[in-house]
Each structure stands twice: as C-alpha cells, then as structure tokens.
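Novice: Sequence:
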Amino acid sequence: MKKLSVIICLVLFASLSAFAQEEIKWMKFEEAALATQHNPKMILVDVYTDWCGWCKKMDKETFTNPEVIAYVNANFYPVKLHGEKEDRKFTFKGKEYTEASMAKTMRVSSYPNFVIMDVTMENITQLPGYRQPKPFIEGLEGIVKRFTK
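In terms of mature numbering (1 follows the signal peptide of the UniProt record, and there is no 0), the sequence shown is residues -20 to -1, 1 to 129.
Some hints here could point you the wrong way.
20 Å max Cα-Cα, derived DMTMM-like pairs, lysine to aspartate or glutamate [claimed, not checked]: (1) Lys36 to Asp98; (2) Lys21 to Glu11; (3) Lys21 to Glu47; (4) Lys36 to Glu2.
Hint data in this document are derived by calculation from the structure and do not stem from the laboratory. None of these values were measured; they are calculated from a predicted model.
Let the hints inform the model, and build the full structure from the sequences given.
Specialist: If you want it as structure tokens, here you go:
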C-alpha cells in the first residue's frame, strides 16, 4: 500500500510538472515597444511566415526547449512578426506599419529571421535561418554580452 501511494504521488507530480511547463511569452511588436519604455530590455523579433518549414521547426524544437525558454524570457521581450501579414496595423515611432512593412523596414529577406533590437528599439543585428537550441542560445548570449553593460 505504501509503494502504491508513492507511485501515485510520483505520477501526480510528473503530470503537474508537465502542465506547468513554461513557454516563451510572445508579444506583439507594439506591446514590446511599450514594455521596454517601462522596463528596458532588448527585443527579439522572430520574423516568420506561414509557409516556412524552418520557422515551424524553430517553433516545435527550439522554442520549446526549456533552456531557450528561460534565456529568452529573462533577457528579451520576444516578439512574433509575420513577415507577409498586411491586415494588422500598428504605430511605431510615429509611423504606421503592417507586420509585412515592418519586416521590410528591418530588411528581412529570408525566413526565419531573428532581429535583435536594443532597449531604444534600434536594430542591432539579425540572426537568419534555423538554429538548434544550443547554437541559438550561444548566438543570443554573444549579442547580449556585446550590447549590454
């Protein structure tokens, strides 16, 4: 009976842990712009499209990795930006954009592409292409070390 109680507790704990799994807290572009005004933090913009297989692979494999989730949430305001979406408009620095026009303004020409912005919302660099979890974190760490105090 005691063994059964221990097994039930372990199964229950494992189930709760699975449901409590953290995820990247994706924002819209304008939400990140507002957030960094109140609490300055770098911005990671994931520019993607619906047809991009590598974008889907990033979502499925890299962005579900616990270390990537923790690192991105701790160091960035993460933004999802659809590189071809024309129907949603927002204002940034006094100009109106769609997600597609913002991607063009950021000079994104391939997908997936990760645009890194500093706390003043200026583009620092891009990390184009699919990246596995460890190289993705390493690339972000290098940028954070280079552009923060």
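Novice: Next step is simple, just say for each hint if it's right about the structure.
Specialist: To see whether the hints hold, each was checked on the structure:
In summary, the hint linking Lys36 to Asp98 is not supported, as the alpha carbons are separated by about 26 Å, beyond the 20 Å threshold. For the proposed pair Lys21 and Glu11, the alpha carbon gap of about 13 Å is at most 20 Å, so the pair holds. Restraint check for Lys21 and Glu47: the C-alpha separation of about 19 Å stays at or below 20 Å, so the hint holds. With a C-alpha separation of about 19 Å, the suggested pairing of Lys36 with Glu2 holds against the 20 Å cut-off.
The structure is inconsistent with hint 1 alone, although it conforms to all the rest.
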